[in-house]
Amino acid sequence: QSVLTQPPSASGTPGQRVTISCSGSKSNIGTHLVYWYQQLPGTAPKLLIDGNNQRPSGVPDRFSASKSDTSASLAISGLRSEDEANYHCAAWDDSLGGRVFGGGTKLTVL
Amino acid sequence: EVQLVESGGGLVQPGGSLRLSCGAYGFSFRDHYMDWVRQAPGKGLEWVGRITNKAARYTTNYAASVKGRFTISRDDSKNLLFLQMNSLYVEDTAVYYCARDTALGPDYWGQGTRVIVSS
Chain A
873 QSVLTQPPSA
883 SGTPGQRVTI
893 SCSGSKSNIG
903 THLVYWYQQL
913 PGTAPKLLID
923 GNNQRPSGVP
933 DRFSASKSDT
943 SASLAISGLR
953 SEDEANYHCA
963 AWDDSLGGRV
973 FGGGTKLTVL
Chain B
159 EVQLVESGGG
169 LVQPGGSLRL
179 SCGAYGFSFR
189 DHYMDWVRQA
199 PGKGLEWVGR
209 ITNKAARYTT
219 NYAASVKGRF
229 TISRDDSKNL
239 LFLQMNSLYV
249 EDTAVYYCAR
259 DTALGPDYWG
269 QGTRVIVSS
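Note that the protein sequences, when read in sequence, are chains A and B. Residue numbering for the first sequence follows this note's numbering, starting at 873 and increasing by one per position. Residue numbering for the second sequence follows this note's numbering, starting at 159 and increasing by one per position.
In isolation and in its complexed conformation, chain B is listed as follows (with noise of 0.2 angstroms):
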């Protein structure tokens, strides 16, 4: 079975860094780009970013909104993708979601780690 779990979130002061874990089980993770997608209370999906596999070189593409601010990373020895969050904005608070990355669109997503930026 397929399963993607968020950890990491929490409280953090505007100008500060967080940074998320996604843990992939059930599927073989190293041949699939992942993507991470973000929901800010009360609003809609946000795509923050994705990272392609090693045959596309880990390429990662990103939102104009946290471009050089966030860094999206994978471990695939241990089934790992990350996302390094700097320089948070009261604006960045949400719940980040992984998503599993397909041709046809991302099709699993993990239950979603929420963040909080405040002072």
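So here's chain A without its partners, still in its complex pose (with noise of 0.2 angstroms):
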């Protein structure tokens, strides 16, 4: 059971917007960043959006992020089929006093 609560799964069509949530507590997602990870089959995860909601270089500009109390999600708009893939969120958690990933969220484009 994963501190950070994600959808299991999400899919799309080509060119659809997709959202993927992520829900948390005062203690993690309430206090501290939310990172979000993408990470292709077979291989290790890639930071997607960083904590300042921030794209890294190379990442598309149809990938985005926001944050709420606490709940953040991910946007994926102009979806293509090279984004089927699992994605993560983390954050910080005081209370555990260490970094907690959601479940991961595997998104299938149709």
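Just so you know, the hints here were simulated from the structure itself, not pulled from any lab data. Warning: the hint list may mix true and false statements.
What the hints assert, rightly or not - Restricting the straight-line Cα-Cα distance to at most 27 angstroms, the calculated cross-link-like pairs of lysine-lysine (DSS-like) are: (1) LYS898(A) - LYS201(B); (2) LYS201(B) - LYS918(A); (3) LYS939(A) - LYS201(B); (4) LYS212(B) - LYS225(B); (5) LYS212(B) - LYS236(B); (6) LYS918(A) - LYS236(B); (7) LYS978(A) - LYS201(B); (8) LYS918(A) - LYS978(A); (9) LYS236(B) - LYS225(B); (10) LYS978(A) - LYS898(A); (11) LYS898(A) - LYS225(B); (12) LYS939(A) - LYS918(A); (13) LYS898(A) - LYS939(A); (14) LYS939(A) - LYS978(A); (15) LYS225(B) - LYS201(B).
Said to hold, decoys possible - What the simulated footprint calls covered on chain B by chain A, stretch by stretch (three residues with Cβ under 8 angstroms from a Cβ of chain A suffice, anywhere in the stretch; the number is not a length): (16) 204-211; (17) 218-224; (18) 259-273.
Backbone N, C-alpha and C fix where the C-beta goes; we use that ideal spot for every residue, glycine too.
With the hints in hand, could you dock these two chains into one complex?
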């Protein structure tokens, strides 16, 4: 059971906009920065959105993130087949004294 | 170019020990906090622990699931990060990643090294 809650799956058709939620609590998302990772099959996670909601160099501007209170979300617009991957949110947690991750969301492009 | 390269994974029996290494290239390793994160087969990411830099006194934090069994250390003179794993359980089977920590979250990750705990 992950501390941050993500839907296990999401899907969309090419060109669509999809959002992936990440729900936490005051001790993590409510207090600390949230960051998002993309993990393509068989590869290591790659930083997609940093804690300032900025995209590292090379990440398309189709990806964006936001945070409100104890929840965060990742939005992908203009969905493409190469976006099919697992997406993970993460944040520091004061109660646990460590970093916590969501369970990951598997995005399928139909 | 920032690169992190893990090594040391393999097959170990329950109760055994293993030491993972992570070589850091292309950045000032000594200045950064460093994380270990693992991913069990078919599961999500699980934070294992973190070590701070010298300025923060090489402080370590661990996930409850590994505290007392795993130890993170570093050798700044060799740009190396270590994860000493003792009293291994079957449930520790996973791909182990090292990651460079920043104020905005871990940014660069290694390719991972696979650890299998099985009799």
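Handout entry: Restraint check for LYS201(B) with LYS918(A), where alpha carbons must lie at most 27 angstroms apart
Key = holds (17 angstroms)
Practice task
Take the C-alpha atoms of LYS939(A) and LYS201(B), compute the straight-line distance between them, and say whether it is at most 27 angstroms.
Solution key: Given that 27 angstroms is the threshold and the Cα spacing comes to 25 angstroms, the pair holds.
Exercise for the section: Below or equal to 27 angstroms on CA atoms is what counts here, so check LYS225(B) against LYS201(B). Expected result: Given pair LYS225(B), LYS201(B) holds - Cα atoms ~21 angstroms apart, limit 27 angstroms.
Handout entry: Pair hint outcome, LYS939(A) versus LYS978(A) [Cα-Cα no greater than 27 angstroms]
Key = holds (20 angstroms)
Handout entry: Pairwise hint evaluation, LYS201(B) against LYS898(A), where the allowed Cα distance is 27 angstroms at most
Key = holds (25 angstroms)
Practice task
Tell me if chain A covers the stretch 259-273 of chain B under the three-residue, 8 angstroms CB rule, please?
Solution key: holds (count 11)
Exercise for the section: Given the hint that LYS212(B) pairs with LYS225(B), test it: the Cα-Cα distance must not exceed 27 angstroms. Expected result: holds (22 angstroms)
Exercise for the section: Compare the distance between the alpha carbons of LYS939(A) and LYS918(A) with 27 angstroms, and conclude whether the hinted pair is satisfied. Expected result: This hinted pair holds, its Cα atoms lying about 20 angstroms apart.
Handout entry: Within 8 angstroms of chain A (C-beta), three or more residues of the stretch 204-211 of chain B
Key = Answer holds; 4 residues pass the 8 angstroms Cβ test.
Exercise for the section: Mind checking the alpha carbons of LYS918(A) and LYS978(A) for me, to see if they're no more than 27 angstroms apart? Expected result: Status holds; Cα separation ~15 angstroms.
Exercise for the section: Compare the distance between the alpha carbons of LYS212(B) and LYS236(B) with 27 angstroms, and conclude whether the hinted pair is satisfied. Expected result: Roughly 14 angstroms separates the two Cα atoms, so the pair holds.
Practice task
Assess, step by step, whether the Cα of LYS918(A) is no farther than 27 angstroms from the Cα of LYS236(B), and give holds or violated.
Solution key: With a Cα-Cα distance of about 25 angstroms, the restraint between LYS918(A) and LYS236(B) holds, given a limit of 27 angstroms.
When each numbered hint is compared with the structure, no violation occurs for any of them.
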